[in-house]
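A.B. asks: Sequence:
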Amino acid sequence: MSKLIILIGLPASGKSTLARKIVTRYPQCQLISTDAIRAQLFGDEAIQGPWLQVWQQVQQKFYQAVRQTSLAIYDATNAQRRQRRQVIDLAKESGFTHLTGLWLDKSLELCLTRNQQRQRQVPEEVIMKMYRQLTDAPPSCEEGLDILKRITK
Numbered sequence: 092m093s094k095l096i097i098l099i100g101l102p103a104s105g106k107s108t109l110a111r112k113i114v115t116r117y118p119q120c121q122l123i124s125t126d127a128i129r130a131q132l133f134g135d136e137a138i139q140g141p142w143l144q145v146w147q148q149v150q151q152k153f154y155q156a157v158r159q160t161s162l163a164i165y166d167a168t169n170a171q172r173r174q175r176r177q178v179i180d181l182a183k184e185s186g187f188t189h190l191t192g193l194w195l196d197k198s199l200e201l202c203l204t205r206n207q208q209r210q211r212q213v214p215e216e217v218i219m220k221m222y223r224q225l226t227d228a229p230p231s232c233e234e235g236l237d238i239l240k241r242i243t244k
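Count along the sequence shown from 1, then add 91; that gives the number in my numbering.
Just so you know, these hints were derived from the structure itself, not from any lab. Any given hint could turn out to be false.
Unchecked claim - Taking lysine-lysine pairs in the DSSO-like style, the calculated list, with each CA pair at most 27 Å apart, reads:
#, residue 1, residue 2
1, Lys240, Lys112
2, Lys94, Lys220
3, Lys94, Lys183
4, Lys220, Lys240
5, Lys197, Lys112
6, Lys240, Lys94
7, Lys94, Lys112
8, Lys244, Lys152
9, Lys152, Lys240
10, Lys244, Lys112
11, Lys152, Lys112
12, Lys240, Lys183
13, Lys152, Lys94
14, Lys183, Lys152
15, Lys94, Lys244
16, Lys220, Lys197
17, Lys240, Lys197
18, Lys244, Lys220
19, Lys197, Lys244
With the hints as extra help, turn the sequences into a complete structure.
C.D. replies: Here is the structure:
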């Protein structure tokens, strides 16, 4: 059985911190991070670059993870329902048999404050747009997840 944890949340909501904690606790877990992919492709995780190049790497890493391990984490904002559905479809297509969504539903104010304290800041208007996307179309199991856990604290 291959399990995929799909992280969902605003920038600065704690997704990458949670992902690192899970990988530390479960060393067999493979971390698939769009930030890490951007850093590898473009030299800096802040450079967005062409999404198609990033997505091709995500696809490759999903298939690789299914062959190599029983647990993987996908670390990205996944703020848009369309994006989540693409990720879920890819996960199923690549062979993951169990999909868990972890929605880090932190307050907008907290994420904006944390973002200001980061070395690599996301523009405030981008965070606001993602907030609206998550508010207008929140994650649900109906998107194809087996389990969805909402983390508010």
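A.B. asks: With reference to the structure, classify each hint as holding or not holding.
C.D. replies: Hints, verified against the model:
1. Lys240 to Lys112: holds (17 Å)
2. Lys94 to Lys220: violated (30 Å)
3. Lys94 to Lys183: holds (10 Å)
4. Lys220 to Lys240: holds (23 Å)
5. Lys197 to Lys112: With a Cα-Cα distance of about 18 Å, the restraint between lysine 197 and lysine 112 holds, given a limit of 27 Å.
6. Lys240 to Lys94: holds (15 Å)
7. Lys94 to Lys112: Satisfied, since the Cα-Cα distance of roughly 17 Å is no more than 27 Å.
8. Lys244 to Lys152: It is violated: about 30 Å lies between the C-alpha atoms, which goes past 27 Å.
9. Lys152 to Lys240: With Cα atoms ~24 Å apart, lysine 152 and lysine 240 stay inside 27 Å; holds.
10. Lys244 to Lys112: holds (16 Å)
11. Lys152 to Lys112: holds (20 Å)
12. Lys240 to Lys183: Within the cut-off at roughly 19 Å; holds.
13. Lys152 to Lys94: Answer holds: lysine 152 to lysine 94 is near 14 Å, not above 27 Å.
14. Lys183 to Lys152: holds (14 Å)
15. Lys94 to Lys244: holds (24 Å)
16. Lys220 to Lys197: Distance ~15 Å between lysine 220 and lysine 197 Cα, so the pair holds.
17. Lys240 to Lys197: Roughly 13 Å separates the two Cα atoms, so the pair holds.
18. Lys244 to Lys220: holds (22 Å)
19. Lys197 to Lys244: Given that 27 Å is the threshold and the Cα spacing comes to 7 Å, the pair holds.
Of the hints listed earlier, those the structure fails to meet are numbers 2, 8, in rising order.
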